[in-house]
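Undergrad: Okay, here's what each chain looks like letter by letter:
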Amino acid sequence: MAVSSVGIEKGGGAPVVAVENIRKSFGNSRILNGINLTVNCGETLAVLGRSGTGKSVLLRLIIGLEKPDSGSIWIHGQEIVGLALDQLGAIRIKMGFLFQHAALYDSLTVAENVAFPLDHHRRDMSISERSDRVRQLLAEVGMEGHLDKMPSDISGGMQKRVGLARALALEPEILLLDEPTAGLDPISSGEIDDLVLKLQRERQMASIVVTHDLHSAKTIANRLAILNEGDVVIEGKFEDLQQSEIEFVKEFLKQS
Amino acid sequence: MNDTFEWFGNLGIFFWQVLRAAITPPYEWRELIRQLDEVGSKSLPLVALAGAAVGAVLSMESRSSLTRFGAKSMLPSAVVYSVIMEMGPIITGLVVCGRVGAGIGAELASMKVTEQIDAIEASAINPYRLLAATRVLACVLMLPLLTVAADACGVVAGWIAQTLVEPISLQHFIDQGFKSSTLHDLLPPTFKTAVFGFIIGLIACFQGMRTLGGAEGVGRAATNSVVLASLFVILADVVLVKFILVVFP
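Chains A and B supply the protein sequences, listed in that same order.
Here our numbering is used: the first residue of the first sequence is 182, the next is one more, and so on.
Here our numbering is used: the first residue of the second sequence is 1113, the next is one more, and so on.
Keep in mind the hints are simulated off the structure, nothing from the lab.
Possibly wrong hints are sitting among the right ones.
Here are the simulated EDC-like pairs of lysine to aspartate or glutamate, each with C-alpha atoms no more than 20 Å apart in a straight line [stated by the list, open to error]:
1. Lys379/A to Glu224/A
2. Lys379/A to Glu410/A
3. Lys275/A to Glu247/A
4. Lys248/A to Asp1230/B
5. Lys399/A to Asp267/A
6. Lys275/A to Asp1230/B
Partial list, computed: chain B residues near chain A (C-beta under 10 Å) [what the hints assert, rightly or not]:
7. Met1113
8. Asn1114
9. Glu1118
10. Gln1129
11. Ala1134
12. Glu1140
13. Ser1189
14. Glu1219
15. Ser1222
16. Thr1226
17. Ile1232
18. Pro1239
19. Gly1329
20. Thr1335
Even for Gly, the Cβ is constructed at its ideal location relative to N, Cα and C.
Start from the sequences and build out the full structure, keeping to the hints where you can.
TA: Here it is as structure tokens:
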């Protein structure tokens, strides 16, 4: 069994996500400069950093929406860089992605948004089973009373909840959350954090959360990584970050 | 110049991705039916009106010219032949460019800038199959049918314009009109519009799905879809007319 430089047993079980020496540029701007990260089953990694440091790009690379300039990304021991769209689909079905602005389908109702992945991947389910599943998912995120509303008729926080329900529809093993609490009031942020913690407890998913919100990261993550200028400056538990002597980390924690 | 080559190169890659998605399962029948309705049924009133207007104008304009040359009896043939051979197909193509091209371009561009296309992809659904292949196929299938509707409206409107000046029965007008035409003459111009449909669908989907930027990008995608699709439909028409003349002499 091959073992990568970040300690993945390729073809083996854990870690479920491994990013190995990933580089990514847009034009002349280098965004990621050889990043290495791993996430194990049942673990939540929070990725923090200043705006424009490539946190969201990292998530988009992991789900295959962007291609790295070099490096490897392993999901459940399978290299995904260079896979064709349909091959990538077989990997993506195990992943849930919450977009920063929820990215709900604006022509579909809340219920139809959540049913969308089920309609395409669970064709064996009857209409009533699908409908029950949608209700159950929306109940999990506290949105069961808004089934027939359009995305434009609900608040940003509600849209994020619906986006989360949609991300969970196919019972993913890996959850990627892009700024789940950005733009939300403290109460809504706390509710989203509680929801993510509840899901972790109940489903034992591997999660990567990109956030600016240190409080949220501290609450929901087992490990934290701080990015700066395309590199991981530090990675570890919150206590490790607090004890760090790196100037940028100290400044980041102080300002957060 | 480099941008032009890059555009054609990207269009070629896009076409390959759409083709590969279209011919491999799972097939998106429900979305295809929705698009057939969007492209076909919802374009029908405008296409029928445009076809009728062209038929009426042709009848009125040709009448004075043909009368001057003592060939007034050829009016039905002139109207039917002009409408079916060229005016019906090209008018249908251009009307659909405007209505459907702009619609597809703006819809997909809006989905692109709000990350809805990324969300489809992240849900392990191939957006080329769901969004592009269905729209291109709907355009290919619907354009010939819309052309038949435009032709029919054009012929009837041509008869109405004629009969208001000099009463003639519709049956007689049609008999006279089709006297010098056979099915062999009528089918190629109608089916060439499937190529127009392919051009409209492909370019509009391509422009929409590669959009960057916010509202400005959406507006640009819609405009470019119409302008480029119209341009390529007109160019394709020239090539196809020559092709039809050579292959179906």
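Undergrad: Assess, step by step, whether the Cα of Lys275/A is no farther than 20 Å from the Cα of Glu247/A, and give holds or violated.
TA: It holds: about 18 Å lies between the C-alpha atoms, which stays within 20 Å.
Undergrad: Using Cβ atoms only, decide whether Ala1134/B comes closer than 10 Å to chain A, and label the hint accordingly.
TA: violated (13 Å)
Undergrad: Should the interface hint for Glu1219/B be scored as holding, given a Cβ-Cβ cut-off of 10 Å against chain A?
TA: holds (9 Å)
Undergrad: Are Lys248/A and Asp1230/B close enough, with their CA atoms no more than 20 Å apart?
TA: holds (14 Å)
Undergrad: Would you check whether Met1113/B satisfies its interface hint, that is, whether its CB is within less than 10 Å of any CB in chain A?
TA: Constraint on Met1113/B not satisfied, violated at 20 Å.
Undergrad: Can you verify the interface hint for Ser1222/B: is its Cβ closer than 10 Å to any Cβ in chain A?
TA: holds (8 Å)
Undergrad: Under 10 Å, Cβ to Cβ, is where Ile1232/B needs to be relative to chain A, so tell me if that hint holds or is violated.
TA: holds (8 Å)
Undergrad: Are Pro1239/B and chain A close enough, Cβ to Cβ, to be under 10 Å, as the hint says?
TA: With a closest approach of 9 Å, the Pro1239/B hint holds.
Undergrad: Under 10 Å is the threshold here; is the Cβ of Thr1335/B close enough to any Cβ of chain A for the hint to stand?
TA: violated (21 Å)
Undergrad: Taking only the CA atoms, is the gap from Lys379/A to Glu410/A under or equal to 20 Å?
TA: violated (33 Å)
Undergrad: Identify whether the interface hint at Ser1189/B stands, where standing means a beta carbon of chain A within less than 10 Å of its own.
TA: With a minimum Cβ separation of about 48 Å from chain A (threshold 10 Å), the hint on Ser1189/B is violated.
Undergrad: Using Cβ atoms only, decide whether Asn1114/B comes closer than 10 Å to chain A, and label the hint accordingly.
TA: Hint on Asn1114/B: violated, closest Cβ of chain A at ~15 Å, above 10 Å.
Of the numbered hints given earlier, the model fails hints 2, 5, 7, 8, 9, 11, 13, 19, 20; all others are met.
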